[in-house]
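Based on these hints, arrange chain B on the given structure of chain A.
As they're listed, the protein sequences go chains A and B. No gaps in the numbering here: position 191 of the first sequence is 191 in my numbering, and each next residue is one more. When you read off a place in the second sequence, starting at 1, and then add 234, the result is the number in my numbering.
Incorrect hints may have been included.
[As the list claims (entries may be wrong)] Below 25 Å or equal to it, Euclidean Cα-Cα: the simulated SDA-like pairs (lysine to any residue) are: (1) 329/B x 243/B; (2) 218/A x 415/B; (3) 419/B x 230/A; (4) 218/A x 467/B; (5) 452/B x 230/A.
It should be emphasised that the hints constitute simulated quantities derived from the structure, not laboratory data.
Protein chains: 2
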Amino acid sequence: MSTNPATAARPIAIIGGTGPAGMGLALRWVRAGETVIIGSREQERAQQAAAAIQRRVGDQARISGMENSAACAAADILMLTVPFEGQASLLKRLKPAMTAGSILIDATVPLAAGVGGRASRTLGVWQGSAAQQAAELVPTEVSVVAAFHNLSADLLGGDNPLDCDVVVCSDDPDAAQLTRELAAKIPGVRPIDGGRLENARIVEQITALLVGLNIRHKGHSGIRITGLPPSAYR
Amino acid sequence: MSTNPATAARPIAIIGGTGPAGMGLALRWVRAGETVIIGSREQERAQQAAAAIQRRVGDQARISGMENSAACAAADILMLTVPFEGQASLLKRLKPAMTAGSILIDATVPLAAGVGGRASRTLGVWQGSAAQQAAELVPTEVSVVAAFHNLSADLLGGDNPLDCDVVVCSDDPDAAQLTRELAAKIPGVRPIDGGRLENARIVEQITALLVGLNIRHKGHSGIRITGLPPSAYR
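Okay, chain A solo, but in the shape it has when bound (with noise of 0.2 Å):
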């Protein structure tokens, strides 16, 4: 796997990023050297998540924490981690905040719990997926990759390698090649190209099936991807 010395010095702003799956990326980002930004809604509560971080990690990490559009001015790799019911209103918020040539790497699952319903259950979206309304919310000259849905939020805050892949699915190679290098860097992952955002539908659908899986046999579940050459894992 290729390593990109480019991506260390462009910081990751995480969106939303102090929720689990967000603390998690973080965490993993910064132990393999990035340099990632924790946004919030509020900034003090962005800076306690970046000085915990930075408690795990030491003093070599290159973490901080700003209010979200703060992040995403700061930033032009964009990773969202917020619940699907407060991903449409957040995008719009941000919009003008958003850098032309930034990439936003989405994770959103539209779980039914959501609206009050099961997390083992998703919602229709109209667009085909919580990533392709994301692409019809930001600006045209910011790309949009859907990734990292199927991930363990648990065990990415943990300190053991993971057994997941990522299938990254975006129409911009350049941006999904980006991702895929990003995802390379947690310990235990492989990315995948996973193709177009339309695809998107299916990796996020996973996750419901995932979280229904860990509630039925309490697990930590994740997806492998067997049966593709080596070729296909980068």
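Below, chain B without anything else, positioned relative to chain A:
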């Protein structure tokens, strides 16, 4: 994995079984000592398919070929391996031949290829999934189980162990358990209880994702579910 000696005495009728998926399942089950009836629209074609498997497995193979309705009447474990576009009409036609207490295992995936679209996309099914459509079309005394969607037909038809889990969904726990036992008879397959039949919609969709990955990366992809305790895989 406990094996149920009772299943070997109960024939499995593979309805629409002369295609790659049906032939692959037949091969694996006959090798495992199960009794299989290949069903086809034409009795002669079914018998030719059965003879081909007999030649491959040897004299001890318990396999025969029948017209679909006859196969249906002769067995109470029915495995359906037909393209989505043929599923509903076939089930309506077979309904009178199904005996009360039968189990219908449905592996149908509503691929858009069925209406001239892409095999990496799916059609929306009013009932939620092809399996739920099947459940509406069979007699009420027949239990529907959704399983085997994600196995590569090419690999099933080969001699090597597979590298794929089979997520089994059903509203009938006993039928689901019997199906998981049948799945465990295929080398390399781990069955997983996927909960209610409605969850089949996600498992069906995964096949479209795998088809897309196969096209993009030139492989025969499958899935493994990670992160669950051993008790989940049985």
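Hint check:
no.: 1; hint: 329/B x 243/B; verdict: holds, 24 Å
no.: 2; hint: 218/A x 415/B; verdict: holds, 21 Å
no.: 3; hint: 419/B x 230/A; verdict: violated, 28 Å
no.: 4; hint: 218/A x 467/B; verdict: holds, 12 Å
no.: 5; hint: 452/B x 230/A; verdict: holds, 11 Å
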